[in-house]
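Student: Sequence:
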Amino acid sequence: MTQKPERKFYLKQFKAISNAISTYDDFNLLVNHLVEGVCRTFKVKGCSILILDQIEQQLFRVSSHGISDEYLSKGPLFIDDKYCSLGTGKVELIKDIQHDDRIQYPEAAKNESIVSMMGIPIKYRTSSIGVIRIYHSQVLNLHESDVDSLCVLGNQLGLVIENNGLKNFVDHVNMAFEQLPPRLVRGYCR
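Note that the numbering used here has the sequence shown beginning at 63, numbered continuously upward.
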């Protein structure tokens, strides 16, 4: 009989993390704190935040905690729309990494002592744009309310990622505009 998991994530923690997501100015610091916080709160081996490159159809890591550099550099992470939480938009739980066809690098996971993994989609509106992956050296068993809270945080993180991308785009446009000769800019700026 499987023991029901203890809830770890209550309103106080949820409010603190939600507030941090909406007020951080430094995106890298935010995601670093999030992955470290997930590891500490749930006492898991590691956590990574990965963002989808839609052109190459692969995931790129933006932050990790608790995972070795060797594991992180194992190779590209291509997505499979049928099974991956990115394709389905749903939480993905892999209880036995060594015997699951969805895993691209089972030997690397074994060397890292990773037994199970959970993928929480990061969404912007209805599109999955990334994933929060939680790794554990035992079978991962989180309380349903904690998983729901992580899904909401994934949605909030999706807003931050999109906002950060738009801000970078506007900054690039402004830099390009500033490089134009004054004769070309006349009449456009008041």
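Hint data in this document are derived by calculation from the structure and do not stem from the laboratory.
Every residue gets a Cβ at the ideal spot worked out from N, C-alpha and C, and that includes glycine.
Careful, some of the hints might be misleading.
What the hints assert, rightly or not - What follows is a set of in silico ranges between Cβ atoms, one per label pair, in the way DEER data are often shown:
| id | residue 1 | residue 2 | range |
| --- | --- | --- | --- |
| 1 | N94 | Q119 | 23 to 33 angstroms |
| 2 | S84 | V232 | 34 to 44 angstroms |
| 3 | Q241 | S80 | 34 to 44 angstroms |
| 4 | D87 | V201 | 57 to 67 angstroms |
To be verified - Derived pair list, reagent style DSSO-like, types lysine-lysine, alpha-carbon separation capped at 30 angstroms:
| id | residue 1 | residue 2 |
| --- | --- | --- |
| 5 | K136 | K105 |
| 6 | K172 | K66 |
| 7 | K77 | K66 |
| 8 | K70 | K157 |
| 9 | K136 | K77 |
| 10 | K157 | K172 |
| 11 | K152 | K136 |
| 12 | K105 | K66 |
| 13 | K172 | K70 |
| 14 | K157 | K66 |
| 15 | K105 | K152 |
| 16 | K105 | K77 |
| 17 | K152 | K74 |
| 18 | K70 | K105 |
| 19 | K66 | K152 |
| 20 | K136 | K157 |
| 21 | K136 | K172 |
| 22 | K172 | K105 |
| 23 | K105 | K157 |
| 24 | K74 | K105 |
| 25 | K70 | K152 |
| 26 | K152 | K172 |
Student: Name the hints, by number, that the structure is in violation of.
Tutor: 2, 4, 9
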